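Turn these sequences into a full structure, and let the hints guide you.
Protein chains in written order, with the numbering used here: chain A, 37 to 380; chain B, 730 to 1415.
Among these hints, one or two may not hold up.
[To be verified] Looking from chain A toward chain B, a few residues come up when the C-beta cut is under 10 Å (computed):
id	residue
1	Val200
2	Phe359
3	Ile364
4	Gly371
By construction, these hints were calculated from the structure, which means they are not laboratory data. Here the structure is a predicted model, which is why all the values come from computation and not from measurement. Every residue, glycine too, gets a C-beta built ideally from N, C-alpha and C.
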Amino acid sequence: MLWPLPATKPVPAALRKRRRSAVALLPAVVLVAALFSSAALYGAQAQASKPAEAKPAEAPPAENKPATYVGSETCQACHEDIFKAFQKNPHWVVQTDKRRGFENNACESCHGPGSKHAESASAADIRNPEKLPPAQTDRTCLKCHLNQPTHVGRLQSSHAKNQVSCTACHAIHRNGPNGLVARKAPAINELCASCHTSQWVRFQLPYKHRLPEGAMSCVDCHNPHGGFRPGQMQYFAGNEPGCFKCHGDKRGPFTYEHAPVRFEGCMTCHEPHGSANPRMLARQEVRYVCLECHANLPLSTAGAGTVLGVVPPAFHDLRSPRFRNCTICHQKVHGSYVDRMFLK
Amino acid sequence: MRALLVLFLSLPLVGQQAAPKPEAQPAPAAQPKPEEKAAPAEAKPAAPSEQQAASPVPAGEPVISGSVDFGYRWVSNVGGSLDAYRSIVNLGEGPKLTGLDFTVQDPKHRLFDRLDVRGYNWGDDPYTTAHISARKRSLYDFNFDYRNLAYFNYLPSFADPLLDTSKGIFLNERSYDLRRKMSDFELDLLPGNWITPYLAYSRDAGSGHGVTTFVLDATNEYPVPDLLRDETNTYRGGVRVELRRFHATLEEGGTTFKDDQQVYNNLTQNYGNRTTPYAGQQLYLGSLLQAYGIRGDGTYSKVLVTANPFAWMDVYGQFLYSQPNNDVHYNQYNTGNFALLSSLLLYNGQQDLATATAKMPHTAGSLGFEVRPLRRVRVIESWSTDRLHSAGIGQLAEQFLLPNSASLSQVAPLSSRLVMNYNQQQVDVLVDVTSRLTLRGGHRYVWGDGQDLAPVLSPNAGGLESGELRRQVGLAGASFHSGQKFSFNVDFEGASSDRDYFRISLYDYQRARARARYQAFGTLALSADFSILNNQNPSQGIHYDFLSRQNSVSALWTPAGGKRVTVLAEYSRSTLRSDINYLAGPYFATESSFYRDNSHAGTVLADFALPAYAGMIPKISLGGSYMVSSGSRPTSYYQPLAKLALPLCKNLFWTAEWRYYGFGEAYYLYEGFRAHIFMTGLRLTK
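Pasting the structure below:
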């Protein structure tokens, strides 16, 4: 069965019918989702106080009876090293916390009922989330982690859509300084670079953020759990680009804004992963960065084809070297507090 | 800072005194390999837990583990440009604490269950960091991060590459020698509980000096010293409520900001003084004091919600609102001989006073859901919006002191408006065709509008200019996994726009990305990455043509489980082409901006375990990285390195490291540099 995950709860045919009819009612469902959420809150409170639902069922007598829960101590008999390390793992709380529904069955909370595996000692008789299709692996984790802040961005995250499962980054059994996931900047960068090779190579260029030096990590700028900004960018102060967390002097608001900073962000002019151009600029000289927008062209008519900032703030003789670095004079290019032409 | 350094050094020593020195160091719990996880009892490795059971540390005493690295660094005489070296590398000489990393675990769970302390690159290094985390289960989780980063930027070619080909301009205008210090504190209370309150504070401060320009009415500019000091404080607190079918995070925060930049001139002969007469007179700068006093504050609110009202449906939403405000107090006083081009006026002094206020209410939100109508089908729908309005208003009062002791005063209003409304709707359908293959397709519609002040020289100067955004994007992709041996992922986006904000914005574009990972053998893992972006804007007067490609391959070879040799190799080839036309002043001749960047970059790092002696294994690492590019700014950058870790006794290593930095630019030869860096030190582990 691919969906939903818990093998102990087969989906009734009636429920399947209801699902199909629900597709037709999707728009209405979305509109009242908030109401359902409120109802869910009420229901959840009630359920939270109930005993665990995942208790093993009464064992049917047939030989091909479904696997049942045997408890983590049974697992310990063979997997003692993992069991010992797991006791210092944050997930150990699943073993001890009645509220989560898997008290004394922590191993089986992810691996599923283990009675058959305990009898046969065959890997084929136990579920290994790491080897499942990513979407199923995620559902295993989401049994507990579904309603958490990380889930907000998950649905918009390219990681989830690209079938990168939780276990691609999180080591579930591991104990030690890095715990479930890399915490130190070099380890985080190594983890991300193992897939994002092209991005990591950019950090070998001379002008870059200081990731290879261990002063920063990928998650300083990107939220691996996702977000609604492009590139899964982090936020600062609620809803502003994460760049301003370190570059607070560029945040504003300014009396005179430079529109691209607000409309398309720092990447309009900068290559944040690294560049051969000073100050991580997107072009080799400042004037080209500016002239690509401020092209001196006359404004076109409103509507299609109209773009902002085509007319520059001033006309200069670009044959003169004096005018070839626009930011020498238009120095407040990120926004000015007092001058419309960003001169001061 | 030194006190912190001493404190960090002494903490593990205190810990070491507390615990009696073991006769035999127990090995840390080994991380089981994936293939061992399901292995039966007979096949499992020797149980480290037995070694743990034999630990001589008295039960109940805190267990400390970690390491300290310290040593001395020498930097050879930097050949070539020291300014470029400092702008790119900036490592200095002297004693350094390169790494401190220890963990304290308290079995009695008194103040904490676990305390982690890390510190790297202390001792006046350009990238100093520290981290402290402490947690006690179900009670608190505390994290502190500190960074102190140097930002030195003094590149002759940046200011004006052609003014003086021997070394740029006299004084490099727009240069910086700054330090940015960032601290983050976060405290979660009752972690793991259904309700978790949290508090956090962040501070980002920059200070230092530099060289900037004092610009006067387009007639002249003067390089002048610049003192910079800014500070942003962020306070936030909130609560997370996590229930079985519902989660909500409510957060309220605030920021304060100040920026006290000061520009001055104390040179009697400023390099920017005009040597050719203007209106028959020499223009020069005498004294200058320019001071910015910016004070800002703001509040923000954040609401995140997730719910799964049905087993087949997940819903999420977020609402974010912020309103930062800045109050501006600007003061400028300068004397000398200047010209006011707009009034054809010569004057000897000027005093400017400006006050202004800027506000930027900013609302963002998103709403979406995932439904699973069929066993193998998921539908993800999302809407998001980002709406920002910025307005500034104020007044600038100017007084000019004329040569005949008269004065001229004028008052000008400061007023601006910027509006940005962005919206996006996206639907993705993911189909698990088989347990190994997932296909996905979707559609994204992006639309928005914006307004900004029209440029001074535009026909509607004084008014607003408007832009619109309309973009249809088709999405497709596939993922294939063959167990843990092979995985392949491909993404494609194809877009068509009819309106866009800027000339170089994404318009009609195709973007594709493919990644593959292959575990060829148990000892060899290969991966490859390919991406391409082709963006065209054929609109009249724009004709933008952009194409970038990146191809990367990497390999990790770990024969015999990496016991003796580990080799990591990466190679990337990237090409970028950007063509766009513009009109160049003063005659508005059509010119083209051709940007080309074709680069090869690679990294190789090989770790070797040398023959053991006295039960200890010395290790050596060799490798480095290189980058060679051609095109608009041909550059080469080499960073080879060699490291040696020689165990002296069980917990003590002698470490030595050599690095070389070689940087060169074909067009700006004066910016090249070469430097050898040696470092030696000791590494203590426990």
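So, going through the hints one by one against the coordinates:
{"no.": "1", "hint": "Val200", "in the structure": "8 Å, holds"}
{"no.": "2", "hint": "Phe359", "in the structure": "8 Å, holds"}
{"no.": "3", "hint": "Ile364", "in the structure": "5 Å, holds"}
{"no.": "4", "hint": "Gly371", "in the structure": "9 Å, holds"}
The structure fails none of the hints (numbered hints given earlier).
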